[in-house]
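Chains as they are written, first to last, in my numbering: chain A, 331 to 706; chain B, 3 to 258.
Be aware that one or more of the hints could be misleading.
Computed footprint of chain B on chain A; a stretch qualifies when at least three of its residues, placed anywhere within it, have a C-beta under 8 Å from a C-beta of chain B [to be verified]:
#1 461-474
#2 493-504
#3 622-628
#4 670-680
Sample of chain A residues lacking proximity to chain B, with all beta carbon distances greater than 10 Å (derived) [unchecked claim]:
#5 Tyr379
#6 Asp395
#7 Ile397
Derived by calculation from the structure, the hints in this document are not laboratory data. By construction, the Cβ of each residue, glycine as well, lies at the ideal position given by its N, Cα and C atoms.
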Amino acid sequence: MKTRSDAAPSTPAAFAFQLEGDVLYLKGSLVLAGVDQQLPKLKKQLRKYPRKFLRINLRELQRIDSIGVAALQHLRDWLQAQGIKTEIEAVPPGIQQIMQTFAIPPQTAAPAGEKDSALERFGERVYDFWVRDVYEFLLLLVDVIYYSVVDLFQRKAHRKGEFFNQATLIGVNAVPIIGLIAFLIGVVLALQSGEQLRQFGANIFVADLTVVAMVQEMGPLITAIMVAGRSGSSIASEIATMVVTEEVDALKTMGLNPIRFIVVPKMHALVFTLPFLTILADALGITGGLLVAYLNLDLAPQVFYNRMVEVLYVRDVAIGFVKSLVFAVLIVLNGSFFGFRVKGGAEGVGKVTTTAVVGAIILVIVADSILGLIFY
Amino acid sequence: MPSSQSPIIDVSHLSATLGERQVLTDVSFRVYPNQVTVILGSSGCGKTTVLKHLIGLYPIRSGQVRIMQQELAALDEPQKQQLSLKMGVLFQNGALLNSITVAENVAIPLEQHTDLPPDVIQDLVRLKLKLVELEHAAHLLPSELSGGMRKRAALARAIALDPPLLFCDEPSAGLDPITMAALDELILNLKHQLGMTIVLITHEVPSIFRLADRIIFLDAGRVVFEGTLQEGLQSGIARIEEFFRKGKGEGMPTRS
Numbered sequence: 331m332k333t334r335s336d337a338a339p340s341t342p343a344a345f346a347f348q349l350e351g352d353v354l355y356l357k358g359s360l361v362l363a364g365v366d367q368q369l370p371k372l373k374k375q376l377r378k379y380p381r382k383f384l385r386i387n388l389r390e391l392q393r394i395d396s397i398g399v400a401a402l403q404h405l406r407d408w409l410q411a412q413g414i415k416t417e418i419e420a421v422p423p424g425i426q427q428i429m430q431t432f433a434i435p436p437q438t439a440a441p442a443g444e445k446d447s448a449l450e451r452f453g454e455r456v457y458d459f460w461v462r463d464v465y466e467f468l469l470l471l472v473d474v475i476y477y478s479v480v481d482l483f484q485r486k487a488h489r490k491g492e493f494f495n496q497a498t499l500i501g502v503n504a505v506p507i508i509g510l511i512a513f514l515i516g517v518v519l520a521l522q523s524g525e526q527l528r529q530f531g532a533n534i535f536v537a538d539l540t541v542v543a544m545v546q547e548m549g550p551l552i553t554a555i556m557v558a559g560r561s562g563s564s565i566a567s568e569i570a571t572m573v574v575t576e577e578v579d580a581l582k583t584m585g586l587n588p589i590r591f592i593v594v595p596k597m598h599a600l601v602f603t604l605p606f607l608t609i610l611a612d613a614l615g616i617t618g619g620l621l622v623a624y625l626n627l628d629l630a631p632q633v634f635y636n637r638m639v640e641v642l643y644v645r646d647v648a649i650g651f652v653k654s655l656v657f658a659v660l661i662v663l664n665g666s667f668f669g670f671r672v673k674g675g676a677e678g679v680g681k682v683t684t685t686a687v688v689g690a691i692i693l694v695i696v697a698d699s700i701l702g703l704i705f706y
Numbered sequence: 003m004p005s006s007q008s009p010i011i012d013v014s015h016l017s018a019t020l021g022e023r024q025v026l027t028d029v030s031f032r033v034y035p036n037q038v039t040v041i042l043g044s045s046g047c048g049k050t051t052v053l054k055h056l057i058g059l060y061p062i063r064s065g066q067v068r069i070m071q072q073e074l075a076a077l078d079e080p081q082k083q084q085l086s087l088k089m090g091v092l093f094q095n096g097a098l099l100n101s102i103t104v105a106e107n108v109a110i111p112l113e114q115h116t117d118l119p120p121d122v123i124q125d126l127v128r129l130k131l132k133l134v135e136l137e138h139a140a141h142l143l144p145s146e147l148s149g150g151m152r153k154r155a156a157l158a159r160a161i162a163l164d165p166p167l168l169f170c171d172e173p174s175a176g177l178d179p180i181t182m183a184a185l186d187e188l189i190l191n192l193k194h195q196l197g198m199t200i201v202l203i204t205h206e207v208p209s210i211f212r213l214a215d216r217i218i219f220l221d222a223g224r225v226v227f228e229g230t231l232q233e234g235l236q237s238g239i240a241r242i243e244e245f246f247r248k249g250k251g252e253g254m255p256t257r258s
């Protein structure tokens with residue numbers, strides 16, 4: 331391939347060096363290409379240099395750039411470390427000027443910061459989490475709950491149509507994936523338990539097991555975990571991006587409360603849709619169980635249905651309902667909590683999104699355990 | 003007055019659309035080596051679009067762009083990469099990588115594209131940061147910098163490899179006059195001492211007067227004028243006169 335010199339008006343020769351006695355001649359253009367290729371060779375040759383003094387002659391150097399200046403400095407430092415003193419001589423005026431412009435500044439000490447002891451760091455962590463984070467979370471909780479209730483009656487606080495928009499995004503669009511997963515969970519539950527129950531001739535109880543497990547536990551939990559992964563992350567990343575791009579600041583300066591404007595519509599949407607999603611998950615899970623009971627355990631659908639009506643109390647459905655409400659509040663709170671805490675740019679958004687998903691799933695499971703202890 | 007040298011950038015009949023909108027119409031101009039060429043014009047006239055074509059971010063669909071005697075549209079990926087090593091670009095908002103420190107940002111091109119020893123790279127990083135007066139900010143993250151500092155850090159990264167060709171999209175927007183003047187001086191130094199060719203997009207009239215060898219004036223996606231600054235001022239083109247008059251906040255300025 332034909333190569334041309336790029337910008338330089340005249341074409342300087344390629345970089346070359348020559349060692350004569352105690353003089354090292356550097357010639358041509360000491361720029362990136364020359365340095366990259368020749369520096370290792372030059373150092374190799376100089377390793378065998380026997381004397382304690384070397385003059386570096388730049389008389390025939392035509393061109394140098396900052397990389398060349400740095401390489402020259404590096405060479406001199408390296409020779410110094412080998413116990414060889416150096417001196418630069420015969421510097422052409424143009425080169426001299428460039429070397430002055432690009433004089434390598436001396437290394438400054440890293441900013442002195444006292445290192446914390448392990449105990450201090452541990453204390454800081456504990457303080458950060460239990461005092462600062464929990465406090466901020468509770469503050470947000472109060473704000474969000476307050477405005478969520480107030481804004482039920484004040485339609486002006488957020489944009490028109492935002493509730494339906496969010497309900498579609500968070501709730502309706504999640505129907506296929508939640509439906510599929512719930513159905514499969516129902517199938518697996520019935521398959522696994524049916525296998526055990528058959529050994530005791532207790533096939534009929536597969537209905538009890540599937541129905542109660544789905545309605546009380548699996549339905550609300552699976553739905554909440556799916557929504558936490560799907561919408562918890564999107565809430566966090568959306569808010570975090572808005573913080574990073576100063577949209578949140580803009581809202582504040584327009585006299586709009588970001589919590590009312592951004593968080594409350596999401597809260598309304600999820601609190602409204604999650605119970606429906608949960609009921610859908612319950613129904614599809616039970617359908618999965620019924621199908622397995624019929625195909626695998628020879629249990630007539632009518633029998634399954636009768637058993638279901640017998641074991642299922644309104645209380646069970648109500649518990650699932652209450653759980654899903656609590657989960658909805660936690661998912662939105664958690665997402666917005668992490669979203670508003672973002673620091674930095676794109677990378678910060680990624681970090682809080684990950685933390686938000688993990689946080690949401692942990693919160694949901696912990697809350698499920700606590701509610702379980704309360705209700706049973 | 004076209005230079006006797008062959009142009010380092012030669013744009014002919016470049017047209018471009020963004021979606022349905024015609025952004026550039028039959029744009030032709032040349033940039034000569036070792037000069038500062040300023041692309042100017044009112045906001046939305048297509049300056050940044052021209053720049054993005056030059057640095058290869060937008061595909062050339064109509065017209066020709068030749069940079070360093072290479073036809074941009076005809077280059078394959080490795081050739082494009084080779085060419086990009088010879089071009090430094092300072093983006094409008096800096097475009098620093100946010101997850102790493104300022105010093106690491108400047109070191110990226112040196113680490114990725116050269117085999118220089120680590121201490122040379124560290125020296126160069128310190129040097130480039132000193133040139134933009136940011137030595138004290140080496141260990142900070144971009145998010146901890148002010149807008150002007152971010153821009154200067156981005157300039158340090160753009161000149162990390164001493165590219166023969168430097169593109170700057172509004173380098174001095176949002177800077178105070180002192181920093182702006184220092185940045186202009188740095189750009190002049192790069193031109194005089196390293197023989198860099200610099201293509202600038204800027205609205206800052208004082209900067210244009212300090213730096214411009216040639217100007218290219220765009221209006222509504224067309225080149226209205228191409229030539230030296232002095233010729234531009236005397237061209238009698240109303241848009242140019244208005245630009246400089248309003249840019250200085252008074253009547254027609256004289257070169258000082």
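Structure-based check of all given hints:
Counting residues of the segment 461-474 of chain A whose C-beta lies closer than 8 Å to any C-beta of chain B gives 0; at least three are required, and the coverage claim is violated. Coverage of a stretch by a chain is defined here by at least three residues with a beta carbon nearer than 8 Å to that chain's beta carbons; for the segment 493-504 of chain A and chain B the count is 0, and the condition is violated. Three residues within the 8 Å Cβ limit are the bar, and the segment 622-628 of chain A against chain B gives 0, so the coverage statement is violated. Here's how the segment 670-680 of chain A fares: 6 of its residues keep a CB closer than 8 Å to some CB of chain B, so the rule of at least three is met and the hint holds.
The beta carbon of Tyr379/A is kept farther than 10 Å from every beta carbon of chain B, the shortest such distance being approximately 18 Å. The Cβ of Asp395/A sits about 4 Å from the closest Cβ of chain B, inside the 10 Å cut-off, so the non-interface label is violated. Once the 10 Å rule is applied to beta carbons, Ile397/A is inconsistent with being away from chain B; the minimum gap is 6 Å.
Of the hints listed earlier, those the structure fails to meet are numbers 1, 2, 3, 6, 7, in rising order.
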